[in-house]
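Model the full assembly from the supplied sequences, consistent with the hints where possible.
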Amino acid sequence: MWLTNSSVGRKVVMSVTGLFLVLFVTFHALMNAVALISFEAYDAICEFLGANWYAVLGTLILAGGFAIHIIFAFILTFQNRKARGNNRYAVNARPKNVEWASQNMLVLGIIVLGVMVLHLTQFWAKMQLPELMGDHVMNGTFYLKATFSQLWVLPIYLIWFAALWFHISHGFWSAFQTLGTANDKWITRWQCISKWWATIVFILFAVEACYFIWFFAL
Amino acid sequence: METNISFKLKVWRQANAHAEGRFETYEMHDIPTDTSFLEMMDILNEQLIEKGEEPVTFDHDCREGICGMCSLYVNGHPHGPATGATTCQLYMRRFHDGDTITVEPWRSAAFPVIKDLMVNRNAFDQIQQAGGYVSFQTGGAQDANAIPISKEAADEAMDSATCIGCGACVAACKNGSAMLFLSAKVSQFALLPQGRAEAKRRVKAMLAKMDELGFGNCTNTGACAAECPKNIKLSNIARLNREFLCAKCSD
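Chains A and B supply the protein sequences, listed in that same order. Just so you know, we're using the numbering used here here: the first sequence kicks off at 83 and counts up by one. Just so you know, we're using the numbering used here here: the second sequence kicks off at 17 and counts up by one.
If you're looking for bench data, these hints aren't it; they were derived computationally from the structure. Any given hint could be a false lead.
Below, in silico cross-link-like pairs of lysine-lysine (DSBU-like), each with a Cα-Cα straight-line distance of 35 Å or less [as the list claims (entries may be wrong)]: (1) B/Lys225 x A/Lys267; (2) A/Lys164 x B/Lys264; (3) B/Lys26 x A/Lys267; (4) A/Lys164 x B/Lys26; (5) B/Lys131 x B/Lys167; (6) B/Lys216 x A/Lys164; (7) A/Lys267 x B/Lys167; (8) A/Lys277 x B/Lys220; (9) B/Lys249 x A/Lys164; (10) A/Lys178 x B/Lys24; (11) B/Lys216 x A/Lys267; (12) A/Lys208 x A/Lys267; (13) B/Lys26 x A/Lys178; (14) B/Lys249 x A/Lys227; (15) A/Lys178 x B/Lys190; (16) B/Lys67 x A/Lys178; (17) A/Lys164 x B/Lys220; (18) A/Lys178 x A/Lys267; (19) B/Lys190 x A/Lys267; (20) A/Lys178 x B/Lys220; (21) B/Lys225 x A/Lys164; (22) B/Lys167 x A/Lys164; (23) B/Lys225 x A/Lys178; (24) B/Lys167 x A/Lys277; (25) A/Lys164 x B/Lys24; (26) A/Lys277 x B/Lys249; (27) A/Lys164 x B/Lys190; (28) B/Lys167 x A/Lys178; (29) A/Lys267 x B/Lys264; (30) A/Lys277 x B/Lys264; (31) B/Lys190 x A/Lys277; (32) A/Lys267 x B/Lys249.
In structure tokens, the structure reads:
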């Protein structure tokens, strides 16, 4: 299978799953934004999703996307380190125009994943999981309050969003380059769109977290 | 203006492919800044020979930036700190009195060290042999104007064809990927009608050979294009990906 056997194929898998995850975080940020306007509307969204079949199916597809993206990231990094050889350079200089993020995608990904585990224990493990087990679940705002009434959550979340910004700002345009949809003009265009997209997602998440902390903890 | 500089030269010494390598430091005195980097290495070797020591082995040939033989990793950059230039086009005026200059070989699993600063770049020849050519029917040559080619395509193909296969892209890449080299070699044919006939077979065969030889996966950091002495563009890699995906989808 060329998607796993060839270097370009493996990168295509990373690109497609990556773009899928970018779409997911964008929707996530937009759905959270509803809570900025009305907590009742946010509760209605949580109710609508809950443990209904379409939400469970969506969660499974999403988990699959995450799993493939993460597994391939480790495989690619392992292969790339092997290709680099045993002897490392004594002097390393990052050339101009080479983004820092592009050379540290695995580390950034691990930070994103690490805080995501915390985030899942704060929300998913108390919302969809118990509902699937048949337990009674409170409304969405209850769990927002439970998490964001603690001040320490804010710095952790902001670091998380910053790592996500770096990860997306490279990953987004890189995906289009890998899929062959770039040329001299479009490389710079995709890079610009990447930065904008990552920044909008970052601002949405950061404003939401700050607002919830202000509302519930202060 | 010409001046003389003195500096420390930290050079990678390795007796053969299997021996353990190490850095040796040499003091260089009163080197004119008009000296090229390779001439400076020649001066070092003269001194070593006079002292009865083994001279430093390094690759070089034309010394005018077109053959792709010179391959030194100087102060963290393939071909040194100058941009758009090979090591032989690097001059000592780029350095200062009292500097420590670190000289290393290309480091990549696919380019094993032969001795000191010389690496085996035969992997590139093997990739070329896998499909980096156009098959011709013998016979009378066709009139040059019989096949119209746009100026843009001709320029782009010519730019891609300027790749000298030195391996700086692999040396610069943190993944040891040869994608910039491969993309230049694929692009120079893919852009021209003469190369289109074998385009699908070519891209699949060359990419398979590159993967087989142990080069890494491209992560689009762009270090290759930034360090390329011939300024081969990153957009070539997008074209290679496009060619490969189209070839695979039409299988």
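Results of checking the hints against the structure:
Annotation: proposed proximity of B/Lys225 to A/Lys267 holds, straight-line Cα distance about 30 Å (limit 35 Å). A distance of roughly 27 Å separates the Cα atoms of A/Lys164 and B/Lys264; the hinted pair therefore holds under the 35 Å criterion. In summary, the hint linking B/Lys26 to A/Lys267 is not supported, as the alpha carbons are separated by about 42 Å, beyond the 35 Å threshold. Restraint check for A/Lys164 and B/Lys26: satisfied, since their Cα atoms lie roughly 26 Å apart, inside the 35 Å limit.
For the hint pairing B/Lys131 with B/Lys167, the CA-to-CA distance comes to about 45 Å; that exceeds 35 Å, so the pair is violated. Restraint check for B/Lys216 and A/Lys164: satisfied, since their Cα atoms lie roughly 29 Å apart, inside the 35 Å limit. Distance check on the hinted pair: A/Lys267 and B/Lys167 sit about 18 Å apart at the alpha-carbon level, within 35 Å; holds. Restraint check: the Cα-Cα separation between A/Lys277 and B/Lys220 comes to about 33 Å, which is no more than 35 Å; the hinted pair holds.
Taking the CA atoms of B/Lys249 and A/Lys164, the gap is near 26 Å; set against the 35 Å cutoff, the hint holds. The straight-line distance between the Cα atoms of A/Lys178 and B/Lys24 is roughly 26 Å, inside the 35 Å bound, and the hint therefore holds. With a C-alpha separation of about 25 Å, the suggested pair B/Lys216 and A/Lys267 falls inside the 35 Å cut-off, and the hint holds. In summary, the hint linking A/Lys208 to A/Lys267 is not supported, as the alpha carbons are separated by about 47 Å, beyond the 35 Å threshold.
Between B/Lys26 and A/Lys178 the alpha-carbon distance is near 24 Å, which keeps this suggested pair within the 35 Å criterion. Taking the CA atoms of B/Lys249 and A/Lys227, the gap is near 51 Å; set against the 35 Å cutoff, the hint is violated. Restraint check for A/Lys178 and B/Lys190: satisfied, since their Cα atoms lie roughly 15 Å apart, inside the 35 Å limit. For the hint linking B/Lys67 to A/Lys178, the alpha-carbon distance of about 41 Å lies beyond 35 Å, and the restraint is violated.
With a CA separation close to 23 Å, the supplied pair A/Lys164 and B/Lys220 stays within the 35 Å bound. Between A/Lys178 and A/Lys267 the alpha-carbon distance is near 19 Å, which keeps this suggested pair within the 35 Å criterion. The suggested pairing of B/Lys190 with A/Lys267 holds, with an alpha-carbon distance near 26 Å, which does not exceed 35 Å. A C-alpha spacing of about 32 Å is found between A/Lys178 and B/Lys220, which places the hinted pair at or below 35 Å, so the restraint holds.
At most 35 Å may separate the alpha-carbon atoms for a hinted pair to count; B/Lys225 and A/Lys164 meet this at roughly 17 Å. Pair hint B/Lys167 plus A/Lys164 does not hold up; C-alpha atoms about 42 Å apart against a cutoff of 35 Å. Restraint check: the Cα-Cα separation between B/Lys225 and A/Lys178 comes to about 31 Å, which is no more than 35 Å; the hinted pair holds. For the hint linking B/Lys167 to A/Lys277, the alpha-carbon distance of about 34 Å falls within 35 Å, and the restraint holds.
With a CA separation close to 32 Å, the supplied pair A/Lys164 and B/Lys24 stays within the 35 Å bound. Our distance criterion of 35 Å between C-alpha atoms is met by A/Lys277 and B/Lys249, whose separation comes to about 21 Å. At most 35 Å may separate the alpha-carbon atoms for a hinted pair to count; A/Lys164 and B/Lys190 meet this at roughly 11 Å. With a C-alpha separation of about 31 Å, the suggested pair B/Lys167 and A/Lys178 falls inside the 35 Å cut-off, and the hint holds.
Simply put, A/Lys267 and B/Lys264 have alpha-carbon atoms about 25 Å apart, close enough for the 35 Å limit, and the pair holds. A hinted pair counts as satisfied when its Cα atoms are at most 35 Å apart, and A/Lys277 with B/Lys264 qualifies at roughly 31 Å. Under the criterion of a C-alpha separation no larger than 35 Å, the hint pairing B/Lys190 with A/Lys277 is consistent with the structure, at around 23 Å. With a C-alpha separation of about 12 Å, the suggested pairing of A/Lys267 with B/Lys249 holds against the 35 Å cut-off.
In this structure, the hints that do not hold are numbers 3, 5, 12, 14, 16, 22, in rising order.
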